[in-house]
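Asker: Spelled out from the first residue to the last, the chains are:
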Amino acid sequence: MTEIKKHPFTQIYSNIKKFKALPVMGVYLILITVFIILSPKVFTRPFIYMSFLQTIPPQLVLALGLTLIITAGEIDLSFSAVIAFSGFLFSFIYKNFGENDFAALMGIVAALGGGAFVGYINGLLVARLKVPSIMATLAAQFFWNGLTVLLCGGLSLNIKSIRGTFFHSLFVGRLFDLIPVQAFWAIGLTVFLWFILNRHRFGEALMFIGDNPEVARVMGVNIENTKIKLFTLQGLLAGFAALLLTLEMINFWSNQGSGYLLPVMAAVFIGGTSIAGGEGIMVGTFFGAFIIGSLEAGVVATGIGGYWVRLTTGLVMAGSIILNNVLKNEKISFKDFFRKSVFTKGLNKGK
Amino acid sequence: MALNTEYEFAVKIEKCCKYYGHIHALKEIDFEVGSNEVVGLIGDNGAGKSSLIKIITGVYPPTSGNFYIKGKKIDPRSFSVKQAQNMGIATVYQDRSLAEKQDLWRNFFIGRQITNAFGFINVKKEKAIAKEILLNTIGFRGVGITVDSKVSTLSGGERQGIAIGRAMYFDSDLIILDEPTVALSLKEIKKVINFVEKIKENNKASIFISHNIADVYSVSDRFVVLDRGEVVGNIPKSDISLKDLNTFLLDYAHRLKDEDK
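If you read the sequences in order, they're chains A and B. Residues in the first sequence are numbered from 1 upward in steps of one, following my numbering. Residues in the second sequence are numbered from 352 upward in steps of one, following my numbering.
Some hints here could point you the wrong way.
[To be verified] Computed list of lysine to aspartate or glutamate pairs in DMTMM-like fashion (alpha-carbon distance at most 20 Å, straight line):
(1) 20/A - 590/B
(2) 328/A - 279/A
(3) 501/B - 224/A
(4) 328/A - 595/B
(5) 433/B - 224/A
[Stated by the list, open to error] Facing chain A, from chain B, some residues (calculated, C-beta under 7 Å):
(6) 372
(7) 374
(8) 462
[To be verified] Distance ranges between label pairs, derived from CB positions:
(9) 214/A - 366/B: 46 to 52 Å
(10) 26/A - 536/B: 36 to 42 Å
(11) 318/A - 465/B: 38 to 44 Å
(12) 476/B - 32/A: 37 to 43 Å
(13) 276/A - 411/B: 32 to 38 Å
(14) 463/B - 259/A: 53 to 59 Å
In short, the hints are calculated from the structure, not lab data. Using N, Cα and C, we set each Cβ at its ideal position, and we do this for glycine too.
Please construct the entire structure, taking both the sequences and the accompanying hints into account.
Answerer: Structure follows, in structure tokens:
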């Protein structure tokens, strides 16, 4: 057996390239470094990081599910409605069944079940009726949001009495009175879903469906069932994210989650997962969510002002996506960006 | 022709007819593939090639006729794609065999992963078997292809090789190659032909469908020429040279034209 010997550096380089979350980790590191330099008072103390660990988990959980969806070549726009719907189910049941641990448990089951149900309906629409997922889930987003507003009458529900109870501490308590417990849930889910995507039959089916559904079908993958399971899982995860958010805020309000759609998508794309499908990068999404979640607080803390948040987000996102694309594709380089650009075309004509 | 297998024909079809509504697609076809034979299936578009293949792979049942796989009589009403696969019939398509962005080892096992009770994949075992297929069944050595290679880095011929190797490893006794050399360069075609020869070495049967007579000639043991749902030629390779085969086909085409007039 003869194998081509590679130069050790080529070997190291190709091994590094296999770890696809590396660019986004680099971006996050640079970002934090910049923040530390610009506002050392805030970013050298643990408080800001603890507040990240408290606010980012709901978005992270949504982004993890969305990574699976995008891997399969689909999209989900309805998860932000599930944040409201499941949050309402939980708060309503908790308030109306005695505000005790049992009511909380029923509320949790209802929130997760409600989320999974929304996802299941999405799955049926996409897999059985062949409705393109962007259309099906957009309709779902309006419908479930609208239903939530109708059910709650546009009012918010205060669930203050849940603070300090068993379920509150289980999901959003503070470990050693410092570290938000939801961070552990988020990290645990990241690891679990990494294994589901990369080491489970289900995840492999998602990659093949996103890559080439015809190949998946010919090789015996049940595409319909896989897609229904996928959307149900996403609904379940959105229900869980709703629980984390509602419990953390100890309050439900009717348009909660409505601003989540685009940041969560941005987190997935910053993480290096491509809309083209066939490949999902869980660790990338993890850091993508942290980048998105840190930007606002970071930019404000540096003192350049809140008006700069969106612009900076756009820059960081574009930078990460370009970086990922160039590193992934050997055929393009930064040089091409200028050489083939329409603006410089005239200049190169003589050559 | 049978060497050390317990059946003489991988597939045997007698007096098979197929109607699609009023269209008579196959007219009393007799067709068989020996257990270790490569049959070249030749015919124009609409000659009945794909109807025949679809009957063998379980997509459509034949309207009438007797149908045997590995010596067992098949009941066409209960025959399905799944059953065809279980009986060892695999089809390698030109462009739907492998998923581009996935690792080779995943492509070998998609649809039949080695998993534990919870559905988690045994990566080590899958990679070891994939390596075994790569080195021994297909014979990729020293060409820089490993089980971790992405399909997108392989050439067209290599992809066909991977798909053929996968079919051979998973105990397919009849591998149907549907236009495996379309859109490939000469060098790549040579590779595919080598892989088809491997099918014979592994004591398995194959049906090779191609418009390219030269490709069909170089790998097949026997040629079956279809036209308008009829077998118009059933010629062993030893009886005919490539030139004569070409002449036969051209003459036949001319004769048809004259008849049409």
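Asker: For every hint, state whether the structure bears it out.
Answerer: Results of checking the hints against the structure:
1. 20/A - 590/B: 58 Å, violated
2. 328/A - 279/A: Answer holds: residue 328/A to residue 279/A is near 12 Å, not above 20 Å.
3. 501/B - 224/A: Judged against 20 Å, a Cα distance of about 26 Å means the pair is violated.
4. 328/A - 595/B: Distance ~52 Å between residue 328/A and residue 595/B Cα, so the pair is violated.
5. 433/B - 224/A: 17 Å, holds
6. 372: 26 Å, violated
7. 374: 26 Å, violated
8. 462: This hint holds: residue 462/B lies near chain A, its Cβ roughly 4 Å from the closest one there, short of 7 Å.
9. 214/A - 366/B: 46 to 52 Å: 34 Å, violated
10. 26/A - 536/B: 36 to 42 Å: 40 Å, holds
11. 318/A - 465/B: 38 to 44 Å: Roughly 42 Å apart at Cβ, these two residues keep to the hinted range, so it holds.
12. 476/B - 32/A: 37 to 43 Å: 41 Å, holds
13. 276/A - 411/B: 32 to 38 Å: Holds: the Cβ-Cβ distance is about 35 Å, inside 32 to 38 Å.
14. 463/B - 259/A: 53 to 59 Å: 44 Å, violated
Against the hints set out earlier in the document, violations occur for numbers 1, 3, 4, 6, 7, 9 and 14.
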